[in-house]
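Chains as they are written, first to last, in the working numbering: chain A, 1 to 111; chain B, 1 to 114.
No lab work stands behind these hints: they were computed from the structure.
Among the hints, a few may not be true.
Claimed, not checked - Covered stretches of chain B, going by a simulated chain A footprint (3 or more residues, C-beta under 8 Å): (1) 44-55; (2) 102-112.
What the hints assert, rightly or not - Just a few of them, taken from the derived set where beta-carbon distance is under 7 Å, the chain B residues facing chain A: (3) Q41; (4) L90; (5) R99.
What you are looking at is a predicted structure, and each value in this text was computed from that prediction instead of being measured.
Beta carbons are placed, not taken as given, at the ideal position from N, Cα and C, and that holds for glycine.
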Amino acid sequence: QKEVEQNSGPLSVPEGAIASLNCTYSDRGSQSFFWYRQYSGKSPELIMFIYSNGDKEDGRFTAQLNKASQYVSLLIRDSQPSDSATYLCAAYSSNTGKLIFGQGTTLQVKP
Amino acid sequence: ETGVTQSPTHLIKTRGQQVTLRCSSQSGHNTVSWYQQALGQGPQFIFQYYREEENGRGNFPPRFSGLQFPNYSSELNVNALELDDSALYLCASSQVGGRGYGYTFGSGTRLTVV
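Full structure from sequences and hints, please.
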C-alpha cells in the first residue's frame, strides 16, 4: 500500500465547473497535508495546506481533511483552463520529518 | 531572501557513469530533502539531510548518496547510473520541525541516462 494515494486521472471538467480531487493516506502519524500544483516540467507549487479536520478555503480553492477516514480532498471552484495541471497531494509527519507525495492527478479544464 | 537553486538544470549521462547534482538552501532553512520524479509519477522521497547527516531515507539503493555542507547546501550523488534513473530530481529546503509547510522547492535537474 502506498503511503499517499491519488487517482492519476485524467480528470476532465468544463470551464466554470467544480473540480474535485481526492487523496487517501495510510500513516495515521501524518499531521499536515498539502496540495501542490505542478505544470509539466516545472517544480511543484504549494496551493493549500491543512492540518485540522474540516474545511479550509482560500479563494477558489477549498481543502478538506477527514483524519478518521484518512482522506484529503481539494475542490477548485469556477475551474479555468489555466488550472489544467497535475495536482499532487502530500502528507507530512513530524515523527519522521518526511513529506511524502502521491502520484498526482492530472486535471484538464476544457474551454 | 533567496530561494532554492539547483544545478545543473539538464544533463545527459551514459549508463554506468556517476553524477552529482547540487542544491542550495533557502536562507534560514537547515534541512534539505531530495526527490526523484519519473515521468507521469509523483515525487519519490530519496533522503533528507539535517545538520550534515542523513535524517531519513526512502526506498532507494545505496548508490544514491548525499552530502550536506555547513551552509546547508547539499549534493546528491548517483553511482552506476541506470536507464531508470532518468527523471526530474527535485530538492527542497525546509526548517526542521513545525508542520511541514515551509518546504521550498528548487526548479529541478532533468537527468537523462542513455
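Status of the hints after comparison with the structure:
Evaluation of the coverage hint for the segment 44-55 of chain B: fulfilled, as 5 residues show C-beta separations to chain A shorter than 8 Å, against a requirement of three. For the segment 102-112 of chain B, the proposed coverage by chain A is satisfied: 6 residues have a C-beta within less than 8 Å of a C-beta in that chain, meeting the threshold of three. For Q41 (chain B), the interface hint holds, since its Cβ comes within 7 Å of a Cβ in chain A; the closest pair sits about 6 Å apart. Interface restraint check: L90 (chain B) against chain A, minimum CB-CB distance 6 Å, threshold 7 Å, status holds.
The restraint placing R99 (chain B) at the interface with chain A holds, with a minimum CB-CB distance near 4 Å, inside the 7 Å limit.
The structure is consistent with each of the numbered hints, conforming to all of them.
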